[in-house]
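J.: These are the residues of each chain, in order.
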Amino acid sequence: MAEVNLSKLCEIISQAGFPTTLDGKDIAVTAVNTLEDARKGEITFLSNPKYASAIASTKASAIIAEQNVEIPSSVSAMRCDNPYAAITVAIIAIHGHRRHPTWGLSEKANIDPGARIGTNPNIAAGATIAARTTIGNNCTIYPGCYVADGASLGNDCTLYPNVTIYDHCQLGDRVTIHAGSVVGEDGLGYAPHGENWIKIPQIGITILGDDVEVGANCSIDRATLGRTEIGKGTKFSNNVVIGHGTKVGPNCMFVGLVGIAGSTTIGKHVILGGQAGIAGHLEIGDNVQVAGKSGIHSDVPAGQKIFGSPAIEVRRAKRSAAIVKKLPEWTKRIKELEREIKELRNNLEGDNSS
Amino acid sequence: MAEVNLSKLCEIISQAGFPTTLDGKDIAVTAVNTLEDARKGEITFLSNPKYASAIASTKASAIIAEQNVEIPSSVSAMRCDNPYAAITVAIIAIHGHRRHPTWGLSEKANIDPGARIGTNPNIAAGATIAARTTIGNNCTIYPGCYVADGASLGNDCTLYPNVTIYDHCQLGDRVTIHAGSVVGEDGLGYAPHGENWIKIPQIGITILGDDVEVGANCSIDRATLGRTEIGKGTKFSNNVVIGHGTKVGPNCMFVGLVGIAGSTTIGKHVILGGQAGIAGHLEIGDNVQVAGKSGIHSDVPAGQKIFGSPAIEVRRAKRSAAIVKKLPEWTKRIKELEREIKELRNNLEGDNSS
Amino acid sequence: MAEVNLSKLCEIISQAGFPTTLDGKDIAVTAVNTLEDARKGEITFLSNPKYASAIASTKASAIIAEQNVEIPSSVSAMRCDNPYAAITVAIIAIHGHRRHPTWGLSEKANIDPGARIGTNPNIAAGATIAARTTIGNNCTIYPGCYVADGASLGNDCTLYPNVTIYDHCQLGDRVTIHAGSVVGEDGLGYAPHGENWIKIPQIGITILGDDVEVGANCSIDRATLGRTEIGKGTKFSNNVVIGHGTKVGPNCMFVGLVGIAGSTTIGKHVILGGQAGIAGHLEIGDNVQVAGKSGIHSDVPAGQKIFGSPAIEVRRAKRSAAIVKKLPEWTKRIKELEREIKELRNNLEGDNSS
Chain V
1 MAEVNLSKLC EIISQAGFPT TLDGKDIAVT AVNTLEDARK GEITFLSNPK
51 YASAIASTKA SAIIAEQNVE IPSSVSAMRC DNPYAAITVA IIAIHGHRRH
101 PTWGLSEKAN IDPGARIGTN PNIAAGATIA ARTTIGNNCT IYPGCYVADG
151 ASLGNDCTLY PNVTIYDHCQ LGDRVTIHAG SVVGEDGLGY APHGENWIKI
201 PQIGITILGD DVEVGANCSI DRATLGRTEI GKGTKFSNNV VIGHGTKVGP
251 NCMFVGLVGI AGSTTIGKHV ILGGQAGIAG HLEIGDNVQV AGKSGIHSDV
301 PAGQKIFGSP AIEVRRAKRS AAIVKKLPEW TKRIKELERE IKELRNNLEG
351 DNSS
Chain L
1 MAEVNLSKLC EIISQAGFPT TLDGKDIAVT AVNTLEDARK GEITFLSNPK
51 YASAIASTKA SAIIAEQNVE IPSSVSAMRC DNPYAAITVA IIAIHGHRRH
101 PTWGLSEKAN IDPGARIGTN PNIAAGATIA ARTTIGNNCT IYPGCYVADG
151 ASLGNDCTLY PNVTIYDHCQ LGDRVTIHAG SVVGEDGLGY APHGENWIKI
201 PQIGITILGD DVEVGANCSI DRATLGRTEI GKGTKFSNNV VIGHGTKVGP
251 NCMFVGLVGI AGSTTIGKHV ILGGQAGIAG HLEIGDNVQV AGKSGIHSDV
301 PAGQKIFGSP AIEVRRAKRS AAIVKKLPEW TKRIKELERE IKELRNNLEG
351 DNSS
Chain D
1 MAEVNLSKLC EIISQAGFPT TLDGKDIAVT AVNTLEDARK GEITFLSNPK
51 YASAIASTKA SAIIAEQNVE IPSSVSAMRC DNPYAAITVA IIAIHGHRRH
101 PTWGLSEKAN IDPGARIGTN PNIAAGATIA ARTTIGNNCT IYPGCYVADG
151 ASLGNDCTLY PNVTIYDHCQ LGDRVTIHAG SVVGEDGLGY APHGENWIKI
201 PQIGITILGD DVEVGANCSI DRATLGRTEI GKGTKFSNNV VIGHGTKVGP
251 NCMFVGLVGI AGSTTIGKHV ILGGQAGIAG HLEIGDNVQV AGKSGIHSDV
301 PAGQKIFGSP AIEVRRAKRS AAIVKKLPEW TKRIKELERE IKELRNNLEG
351 DNSS
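Residue numbers (my numbering), protein chains in the order written: chain V, 1 to 354; chain L, 1 to 354; chain D, 1 to 354.
By construction, these hints were calculated from the structure, which means they are not laboratory data. Here the structure is a predicted model, which is why all the values come from computation and not from measurement. Take these hints with a grain of salt, some might be off.
Because identical chains share one entry, a pair is satisfied inside a single copy or across any pair of copies.
Straight-line alpha carbon distances no greater than 20 Å define the calculated PhoX-like cross-link-like pairs of lysine-lysine that follow [stated by the list, open to error]:
id: 1; residue 1: 305; residue 2: 108
id: 2; residue 1: 332; residue 2: 318
id: 3; residue 1: 342; residue 2: 332
id: 4; residue 1: 108; residue 2: 342
id: 5; residue 1: 247; residue 2: 268
id: 6; residue 1: 50; residue 2: 247
id: 7; residue 1: 305; residue 2: 8
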């Protein structure tokens, strides 16, 4: 959509489930941009009140914001209770999702004759599809991708450049994997024998559910036996590492550099902040929220919000951290108490002996 | 081996050094699987007592377990003091290690005429082997790998897709590197000059010893001068980062997202938990064990088990962490003491002045 | 330069701005090496006093060191106040920077006819340059690299193997990116809708300034709207993750596994130790220094040196950490105080009641 009138945009956003009203001139806009970067003819938004002061200097022609946000009269306001959802709908309406190059089934892709390729393939030169693989309909596979023996992709999947899917791993429908990520490599499976490590063949697989999106340079181990599973609708940022046999529920969100050891089970809609880590063989309940940098060494019941390493309930963690910062002062107070007690005791003994 | 009788399997495992006896019907099994996923005709195991309750509901036909573990009479028991080692032998016997595709020396691989390639090569289309390289016998190199000028691989090495070996780096025999990992990139070597950074040519190399296995998306810097070294038999999980000039001893095991800065020396059989980090220019002794998420800022003597950031002896770290969690209560107790002392002092002064 | 006399080397280093004088025989040297590995005919250096004891046993023929460092008379000394800068100049003079293979414009590279390629290209077989891209003069692009639609590289850039540059991202002049790194992948941009995540098209871009160097397996998100920016002269080690919309100033240095969430602004010449993490929507001032493993959850004023998670001023963090280590003893002292107070109180009450 090259350009759209604000009244039409209000209609589109409202129909998507986020009632929006126009409060100002019904002009046409051609792009969505940030408060800082938007120019004339563009629309922006305010969701985080931290940035409210930037409204005064924005060059945008329209702003989506909540009812109570003050907006200069020169700018058309679009009022919505959920500006973040509204701007999402606006971006999709005006810009759409990424359009991939059109390769069809490139002659320079290395496709094994035994691979089963769905309708409408878009597979680039320099991609390799090995034997006994199944590629669903409408899949886009960029150069440098490798889909190994017996692996399968559902419909409408996208593999960005240099993604590797190891043998027999399974991707659902609409799975998107960003550049450099790896699915199904061997986990750290060795039996100790004295100081040596005997490799255990990793004969399990990895399964990614429908609508999973994986960032760049992630590594998701295959299981030693059975399956490593990532539930439907779960999203990973970059350089996330998942150990062998771990099962992640649906609709989770893991920020960059999260690491989960093997054989851990994670519920649904669990949110892990950046660099959070979870040890192996644990159970993490539904809707748990973990602050960035936390380290989890024991089971976490559903619904908890935790922070720290070892992670504890987040408000307690913050109070403890505030005290840790003041420990030099607290130890002085303890020493002072010891001094005073001694003095009191001396006085008292003096009294008693008198 | 398509299927094997339990009596034969006992024999194989016992011969491997782990005496095992059959306690039940001598049936044939066709696959190894988890307690949860195993079906009729499959064998499973119990190593971690945490999962003992799953035995009652397993559909497996046979279980390897220690002598004292209770097993339903419908399931054939195989008794062994080390079930984890036993199941490893069973997996190797029944399933074997991964079989790679057979490419021979693909015509679509980009191999420099000056490369020296050993016997029985298995090098895929889309792999690049640069000038002056040496590739040992029986090496498997997947698509997208790049072996740079002057680098060498020993015999029986495997490079999974999109692995990069920088110039002049050396891999021993039986080295396995998973997809996306990089060996020998430049380290963070700059001389500060005011606020600018002058790049120092990184003219050293990286050496991986025999039987090293590296996970996916790891990055192992070359040395500025001399060598970065990873000792024989050492195993890395995924996204592990090793700084320039660091020397890691033999038979170490590093879990995912471990980071080691430059010029650190690590002994043999050191185990680093996930996301553990070690600063530069340190000495870590043999057999040190570091819990996940720990940060090490000073030398660690051999044999220590440590945790925390900065990391300290693990039991002390746990005791301290338990107290940190209760610091709000401890500070209340200190304030109460202060109140009481003041009261006592007042009373005493009252007494004395009376 | 195959070999160089020490007197000539002194002249070169002095002219580079680091006055150096020869104190010993004016011999020729052929290579720079470490104190430990250097052989006859090679030159080494001492910068970190920690390694001074290795001077006695070095086989080097020459050493660059500060005036006051004792050097055996058999070794030629070169005296300089900044041995680290001096050896940098020596390495450049004797060894030079890496020489890349010469591919010209390989016929086996996949270059879109609409790509604009500068003079003197060096683009390997198996590299892909998409439509509407601009590649500056003298760029080296290794196999497996993908430069997507509309992206641009300045002059004298180097992309090592398997680097992916997403659509419309922009690299300045002399940008170097090591193997496996990804620039411009989608960030974790989703609008929550119940427990589901609605993907927000990431229509912003990523810009890397002149002289940026990025290590291996890094991931630098594109912005949702506007730009993710990495300032001129900034250097990253490996597996560094930068969130969407984050702006990093010039001349920063980030060690391995650093993670920065989205929409954070970082000043100039900020140094982040390994595995340090910064939450989203923060402001980090100029010249801030963050110790390895730190976690930053709030704004940091310019010039601060911080450590810990949550990170605080470094000396205070160290004092607090030392006390945390001793918390079991401190709690004993508190309990002892409580016992003593009680005893005193009892005595006192006994006195009073007598």
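J.: What hints, given by number in increasing order, does this structure fail?
T.: 1, 4 and 7
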